[in-house]
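S.K.: Just so you know, the sequences run in chain order A and B. Note that the first sequence covers residues 31 to 444 in the numbering used here. Note that the second sequence covers residues 31 to 444 in the numbering used here.
One or more hints might be untrue.
A pair holds if it fits inside one copy or across any two, identical chains being indistinguishable in the list.
Stated by the list, open to error - Below, computed lysine-lysine pairings styled on DSBU-like, alpha-carbon distance capped at 35 Å:
(1) Lys-363 - Lys-330
(2) Lys-346 - Lys-303
(3) Lys-346 - Lys-357
(4) Lys-59 - Lys-346
(5) Lys-375 - Lys-128
(6) Lys-305 - Lys-128
(7) Lys-214 - Lys-375
Source of the hints: derived by calculation from the structure; they are not laboratory data. Small disclaimer: the values here were computed from a predicted structure and weren't measured.
There are 2 protein chains.
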Amino acid sequence: MLKVSILSIGDEILIGQILNSNSKWLAEKITQIGCSIAKINTIGDSSNEIISELNILLPISDIIVITGGLGPTHDDITKDVLCNYFNDKLIENNTWTKKLIDQFNQRGMDLSERNKTQAFIPSRSTLLWNDFGTAPGMLFNENGKLIFSLPGVPQEMVNIMENVGFQKIIDLLNSSNTESIIYKNIQTNNIPESSLADLIDIKEDFLGNSSLAFLPSYRGVKLRIGAYGESKSQAEKELSRIENYLIPRIDNYIISFDERPFAQIISEKLIIKNKTLAIAESCTAGLLSATLTDIPGSSKYFKGSIVAYSNDIKNKLLNINNEQLEKYGAVSKEIAEEMSNNIRKIFNSDYGISITGIAGPSGGTKEKPVGTVWISISSADITFSKLLNFRGSRDMIRERTVQSTMVEFIKFLK
Amino acid sequence: MLKVSILSIGDEILIGQILNSNSKWLAEKITQIGCSIAKINTIGDSSNEIISELNILLPISDIIVITGGLGPTHDDITKDVLCNYFNDKLIENNTWTKKLIDQFNQRGMDLSERNKTQAFIPSRSTLLWNDFGTAPGMLFNENGKLIFSLPGVPQEMVNIMENVGFQKIIDLLNSSNTESIIYKNIQTNNIPESSLADLIDIKEDFLGNSSLAFLPSYRGVKLRIGAYGESKSQAEKELSRIENYLIPRIDNYIISFDERPFAQIISEKLIIKNKTLAIAESCTAGLLSATLTDIPGSSKYFKGSIVAYSNDIKNKLLNINNEQLEKYGAVSKEIAEEMSNNIRKIFNSDYGISITGIAGPSGGTKEKPVGTVWISISSADITFSKLLNFRGSRDMIRERTVQSTMVEFIKFLK
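Using the sequences and the hints, build the whole thing.
M.R.: This is the structure in structure tokens:
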């Protein structure tokens, strides 16, 4: 296995000002490629700490991915420390200087001396192109070990890794011919863990050195395959073998592969069908709409939504009969179904989705406790509705409602 | 300074399956108490790795906070490894056994052998009460150094630290009479970094060993005070001294202290004023509504919203004149102002907020590139509007629009 360590440099992570989402993203992607993560460490912007950490990580790692400390200000020291550590010297990269000059000129500014230093990189390192920032990434190759130095801004780090970084890791993996584990996730829904296990019915020696984990969550049970091989290509073959066995057995329950967001799946389905959607939200107050429109191009199918908190507004804007609201209560099958049908008509869309529930912390009753949510999905022909029951905080109830509604909509579109 | 290291143990963090929110939370809280964080490290559930990490961290730390690996299953090994590392032996804690028995009985179950082992802790460690789980926390005191071992479940870890953990750290801090730095954040807005620096006009020797950082973001410039003292109480005095100097000078630009979310500030202001709000969103498609209703009790002031993507719907649901849409375009001062006034009237609310813009990646023109956003806020008497220009991804443009709109609304409510 190629061992990868991830090192975040930055006082703002160390003092808890920001969440280290870079490390999670890197760990997940690098694991999926088939490497193993040795350590994920965070240290401050200090020369001594960077050096002592390199001394710890280099002997136990084939690859080190460093993020942070590449900005133009005086506390950004990563580049200089690495340059000294590898006994190298900084030289100007003319392509990058030109890029910086162009970029500043476009904004009607001259390239400042401070920013000009960002075009200087250690002579033996490879410049990694950064589409979004003034600091390029750098790649050191020291005795066959790869050391990446990347900006800490998530968008820039992701850009560099997706453009060129992961390919460098894959190349090393392919050439090193070392053992490898490739992970793959299969998201299922609407089937309990035990029934899924019965359905899959794996014989004792089927997995060998590979693994299969069952990870239940409110999205449904996720299966994580860890396919082992003595090389990357062996691991890929092993993954195919396991998938070919698994997938036909559980096809009806598969929602997605590899954590593709539900909003993305919905987007693709609606575009293929050339259908449109409108939403009426109560307790989630726009969260489903915001989640579905996270996808570029969503204006093709998303017509809009109405957030109606009070009965008053449900009546006035969603044309819900006051007597019905009185009779069934706002959180009911009847009102949910009327909401999904009415919103469809108001927006003249093909599908209507509605959510009405109690997110808490107040507003619950004995019959309808906090976490009671009715959702409905309608087309001109079919009206579907479902009662959801969640526990947890307001946040969790709203988030789970949105996820579950998307799952139901994906099934509705099948 | 007391040096604290944070060590997360768990394969699920190492493979990037979950975000390490525990470490961020601990780092932030411990920094606020006045300790400094030496390292934040993550390793897998492996005995060798835990031992080698303890060997690295113990010499450089006064306190180590370990999370994870305390569950009842075979891959939870933290307790046994620590017990061996400190040459201790496990003994039963009868109070905990009784708690477990009671807890299982309440669910109509007997205490399993597997769970019973959770009541055994190293003889020289102190049990730290956990209100929410079956694994207690443990505190080791080795030659004056504190080593916490806590469950990885965030709710349980937080519970233990808030009940007893932080107090143990504060006690050590007070008794050790060591130097201390206390951090405090002040969020400003509507003033550039350089003007803020001019306004504050700090004389060379004013800060001494303390620090003042300017942290610009799309929320505005955040000031981070690091107040240094030779003891915790000295640092507190120093913080007061700096605050007393700073705050009167920049009062007009202060939005909040200590990272209180903007939605929380808005909530408090609207409740005090007893006023209501409705929102018309275009490119943000419900994200502002969802963000504002994240706050429990938001139904007191939030009446609802309409998400109108197309001109068609803007006309039909927001009563925007088609000729005006034609004349000015949907992303314009005129349409934004009409949207904020109309939504206020439709929902019969005291305030109306509107957002209309181009989140991209497509839909931009030369005159109105991606990232062009008009927002408007209206009351019966005043109509305010503002042009925002953002760069970046669709996500970033939507998120920044929502944050900036909340800032403008806070100012509008002043």
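S.K.: Report the numbers of all earlier hints that the structure fails to satisfy, in ascending order.
M.R.: Numbers 4, 5, 6 and 7, in rising order.
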